[in-house]
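Enquirer: Residues per chain, in single letters:
Number of protein chains: 2
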Amino acid sequence: MEREKLESIKTTLDVVCGKWKGIILLELVGQTLRFNELKKKLPDASHQTLIKQLKELESDGLVDRKAYPVVPPKVEYSLTPYGKELEIMLEEMAVWGRNHRLKKEHRETS
Amino acid sequence: MEREKLESIKTTLDVVCGKWKGIILLELVGQTLRFNELKKKLPDASHQTLIKQLKELESDGLVDRKAYPVVPPKVEYSLTPYGKELEIMLEEMAVWGRNHRLKKEHRETS
DNA sequence: CGGTATCCAACGTGATACTG
DNA sequence: CAGTATCACGTTGGATACCG
Numbered sequence: 001m002e003r004e005k006l007e008s009i010k011t012t013l014d015v016v017c018g019k020w021k022g023i024i025l026l027e028l029v030g031q032t033l034r035f036n037e038l039k040k041k042l043p044d045a046s047h048q049t050l051i052k053q054l055k056e057l058e059s060d061g062l063v064d065r066k067a068y069p070v071v072p073p074k075v076e077y078s079l080t081p082y083g084k085e086l087e088i089m090l091e092e093m094a095v096w097g098r099n100h101r102l103k104k105e106h107r108e109t110s
Numbered sequence: 001m002e003r004e005k006l007e008s009i010k011t012t013l014d015v016v017c018g019k020w021k022g023i024i025l026l027e028l029v030g031q032t033l034r035f036n037e038l039k040k041k042l043p044d045a046s047h048q049t050l051i052k053q054l055k056e057l058e059s060d061g062l063v064d065r066k067a068y069p070v071v072p073p074k075v076e077y078s079l080t081p082y083g084k085e086l087e088i089m090l091e092e093m094a095v096w097g098r099n100h101r102l103k104k105e106h107r108e109t110s
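These protein sequence lines are chains F and L, in that order.
Just so it is clear: in the first sequence, position 82 is 82 by UniProt numbering, and no numbers are missing.
Just so it is clear: in the second sequence, position 79 is 79 by UniProt numbering, and no numbers are missing.
Derived by calculation from the structure, the hints in this document are not laboratory data.
Be aware that a few hints might be false.
As the list claims (entries may be wrong) - List of simulated lysine to any residue pairs, SDA-like, C-alpha gap at most 25 angstroms: (1) L:K84 <-> F:D14; (2) F:K55 <-> F:N36; (3) F:K5 <-> L:E37; (4) L:K19 <-> L:L33; (5) L:K55 <-> L:P72; (6) F:K10 <-> L:E2; (7) F:K104 <-> L:E56; (8) L:K52 <-> F:L6; (9) F:K10 <-> L:Y82; (10) L:K55 <-> L:C17; (11) L:K10 <-> F:L6; (12) L:K39 <-> L:E76; (13) L:K10 <-> F:S59.
The structure displayed is predicted, hence computed values, not measured ones.
Start from the sequences and build out the full structure, keeping to the hints where you can.
Expert: Right, dumping it as structure tokens:
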């Protein structure tokens, strides 16, 4: 197995492996959301965990943060062109995860 | 965004997000390895961290563990048919991760 | 050779309170 | 509304030592 491939996988996992990052990215596919809208979609994520993860995603170049100089503040998050390239991978993850849960249920009821 | 899709992504991340899991899975694509062989391929992973992660992957149904009743012990790890379905996703992760690193280097040298 | 048992440090997540 | 600061806590990964 080529060394570079291994590194690439680690890199991807590093970027995507926050408790809510996969979901954040998926929510942002195809739409721009304000912080509060995003928060409503992730009711189980705490306020500043969400902020932290958004900041990490931003500094990794996946998410674009646009702050409007108004009162009260308004901040919009969206995917960068680059973050959009993750969509294929997210789809694959969704497909596999669905099967995994079905299989798990099957194991537990058999 | 459909609720089920979000759950599916979380499920997948739960399974794949160990420090070495992605790499372990990738190494096992297409080949069966003994514990020691695997260990040699992951020189930076500690002995029982590796064991822990293998156990988790096993209980998640991704990895098959085959122990031969011989002395000294011989244990072989391989992907289950089910684990093999991850291959597509791993490939996508490798592709994206490669781009990510290239972009990062570009940012840092510009 | 492969695995277990403890114990510990580091990190990620979350609760709460406060700011502009 | 969005973000920061501080602190507490659980989980994860790793070091060490020991077993079959």
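Enquirer: Quick check: which numbered hints come out false for this structure?
Expert: The structure breaks only hint 6.
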